[in-house]
Amino acid sequence: MLLAISPIVGRADPATSAEADATAAIARFKRVAPMQESFVEYRFSRFTRQPVRSQGELRYLGADQLVRAVTQPRPETSTIGQGMIRIERPGQKVRQVSLKRVPELQALLASFTGLLGGDAARLAPLFTLNFSETTTGFTLKLTPRAPAMQKRISHIDVLGIGSTVSCLVFAEPDREQSIVLLGSKATSIRAGITDASTLLDHCRQP
Amino acid sequence: MNRARLFRLLGLLAGLALLAFAVVREFSVSADLRAFMPVPETADEHLLLDQIAEGPGSRLLFLTIEGSEAEQLAEQSQELKETLLAKAPVRLVANGNESLDDLPEALLNLRYLLTDRFDRQPLAAAGLHDALLEREGELASPAAFLLEDWLARDPTLEVLHLAERQKPAAEPQKEFDVWFESGAHRAVLVVEPTATAFDATANKALIMQIQQIFDELAQGTPCQLQINGPGAYGVRMEARIRNEANTLGLIATIGMVLLMILAYRRARFVLLGVLPLAAAGLAGVAAVASAFGSVHGVTLAFGFTLIGVAQDYPLHLLSHLNRNTTAEATARSIWPTLLTGVASTSIAYLAFYVSGVAGLQQLAVFTITGLLVAAVITRWILPDWVGPVSAQDRSSALQKAADTFRRLSGLKPLVPLLAVIALAWLGWQGGPTWENNLARLSPLPKAWLDREIELRRALGTPDMRYLLVLEKESAQAALESLEQLDAELQQLVDDGVMAGYEHAARLLPAETTQLGRQSQLPESENARVLLETAVEGTAFDAAVFTPFLDDLAAAKVAQPLRPEDLAGTPLALKLDSLLLRGEQAGTALITLSGAVDASRIADWAGTHRDVRLLDLKDASERMVVRYREHVLDSLLVAAVLLIAVIAVALRSWRRTLRVTLPMLLSTLFVLALLSGLGVALSLFHLIALVLAAGLGIDYALFFEASEHQAAGDDPLASRHALLVCAGSTMMVFALLATSSLPVLRALGLSVSLGVLCNFVLALILLQNRRTPAPTT
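Sequences listed follow chains P and V, in order.
The first sequence begins at 0 in numbering that gives the first Met the number 0 and counts up one residue at a time.
The second sequence begins at 0 in numbering that gives the first Met the number 0 and counts up one residue at a time.
The set of hints was computed from the structure by calculation and includes no laboratory data.
Certain hints may be false.
In silico BS3-like pairs for lysine-lysine, Cα to Cα no more than 30 Å straight-line [claimed, not checked]:
1. P/Lys150 x V/Lys173
2. P/Lys140 x P/Lys150
3. V/Lys399 x V/Lys173
4. V/Lys471 x P/Lys92
5. V/Lys411 x V/Lys399
6. P/Lys29 x P/Lys140
7. P/Lys150 x V/Lys86
8. V/Lys445 x V/Lys173
9. V/Lys445 x V/Lys616
Below, a sample of chain P positions facing chain V; criterion: calculated Cβ distance under 10 Å [what the hints assert, rightly or not]:
10. Tyr59
11. Asp63
12. Gln64
From a predicted model like this one, the values you see are computed outputs, not experimental measurements.
No residue lacks a Cβ here, since even glycine has one placed at the ideal position from N, Cα and C.
Generate the whole structure from the sequences, applying the supplied hints.
As structure tokens, then:
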């Protein structure tokens, strides 16, 4: 398995090869909708001394539909799709916002659906793709093309091994970031971690 | 003779040229619909008309975009809003996508004076600590971005609290952040122009600009823009009137020319028939423009049709011409009858003049001037130019018709029977049905008004019928009073008397209240300590909240916010409609929403000296009734005067009765017919009835005169004249009855019916049975 996806050496055009690698890698991520996966997100904000942690489930409903259901610290369901995000909290009015106003959410939706759909063609118009892989795993770096999105997201790192995406890192320009752990990485993280490097190490562990 | 007549004609032409010059220079058409509305008398009526005509709500334009997917419509809505705000003379454009960032900086700074959240419990460390824990949770949400821009400045989210408090109870549905009309795929925008609804020129320019901006941004898309609202209606109405006037005018002109050729067989007579009419129209416009400054579009449309009466004058002269006398002698012989007709019709219009309604006064001035000018030209100018008269001038078909009509006098016994039936019908119906709805007095098509109401409702505007009015000596006193009443109003909502309410103090607290809040705010050193205590045990760093401390410090020393300070902000629109500020007075309106129990609210209002419940429907109906009674009284006086004038002219009561009887009976029959057709009578029907009565008097006078004529006169001349007159008038007003504008349709239908009745009744009642002598 590892051999099959190990980098192929001796390509003539490095730029083209990186892109081709990315396309091939993304094709491996394809999942059949609907699917769901638990997640833990650590949000490093300029306002807080420690990251704010939330956990729940991500549901990919196919097409352009993604549901982010948070169970902790407070229940909240966000449905992203059809150009809108609907945020529902128990006991509160449903909030709807156009994705145009929220480039970071647009990036989130596009990266998720592009990856889970195994469709590099969907990612390419929005991001420049950069793929690198070692024996311990791969990093797919998505850099937004649109200036509006760049203002909110400097890049997204997709970390994983083989055909499994284990973590997403949303890096923001003011050195804020969100680290999202997926699937087994989410369930196996121990409590009380407050620094980004420990989280990233956890993502890298085979 | 030749010289004299040339001199007279040149004099007339020079006069017309001068008038035309003056009219072109001075002429401005107004579209102020208030001109045809009743004159308000009581304070409530003033308030009512202000709300209808001048209130900030009345100048609003409602824009809808349709024809595509919601996302594209929303995009265009936003783009249109941004372009309009940047380029057009507008105070405000709202499309639902009003973010908190749109609030002016001055207002943001003062949020701690505006918010009621710390009234019971001043801002303290414990409360702030709880708020910070809430924010910490929210940071983990995808909605965090909504928070992050504000967090440092406003950790208690006071801006959000204020925005929610000021939000209307009902807001239109939103798709892609902008308003959509419920149940329809239409994006909705509201525009408040700088000009009032009645500044037709400015509105026209603005509407064209809006359309042009939209056309540019929607190029290549299937989307379409609709503009509704009083300002847009004025412009649309003007275009509609102009279009219809052009089409109907063209058809009428062709018809008239054909009729004149058929009746007189001489091209020259067609020209002679037009001359008095053209002069009358010009003189009428010039008189109104010089007396009132501008001419109302509706006056103009009406006036030109009313001048249809003047069109009869040359016809009388032309029909009475015969070989045995000169045209000058014919003109002299019909002049007394003509003059009696002019005088009686003018008296009827004087009744409109004394009604005090500007639109009707204009109409009166226009018509009376026009009639006098047409009569004078018919008497002194036309005879010079008719040329030699031959016996062949008259169509034999028309002559035969006139002969046939003579037999109608055999129907005389039927008339009293019909009159009894008509009276009985009207008596059974309790008189004619009157239109008491003020909105219907507007000459605008009902569908337009309904659409506007629909849009206003979609945008969540409050109950249209009931309003609480609070009168105080100043705006600040009114705001203070509102704050004191707020708890009682909330109690009424809790008791289910109404679903909700809105008033100015919810948008802007009284200065005293703001000063009270200011005194409760911590001094800057205390604020710092308070923040540091609150941050403990949260994930936050106190240093982050410096902007919050800065705002608190600014609020501590700021001047309280007054109504004037809101000018140009989205809030001003609403505040101005709820708080009417006068020199020595402040009137606050409390709007109610949901199902309203009016009697219980009236009971509550009765317990407060300064508060009263205003039933807009009731007030407007009372005003309409009073207005109509006023006009009817004037018409009654006019009728008496009119009969007196005819009596003086004819010097016989018996003849006076004979002349006025067809007109009185026609009015009765038309009223009965309209009532039978289920038509509710409005002001415009009254105008039509008076016009028909004026025509009827003319017919009767000429019929009556022909029965008393000298032996040598042509006995068929009057019938011929009247047949041509009635035929042409019927044609013009039957055309008008096909108009798409309800006002013109009402006028056309009533006048056609009236003319028909008057003509037939004159034939039946005023002819002797004897056969006339053959034409010489």
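Q. Which numbered hints turn out to be false for this structure?
A. 3, 4, 10, 11, 12
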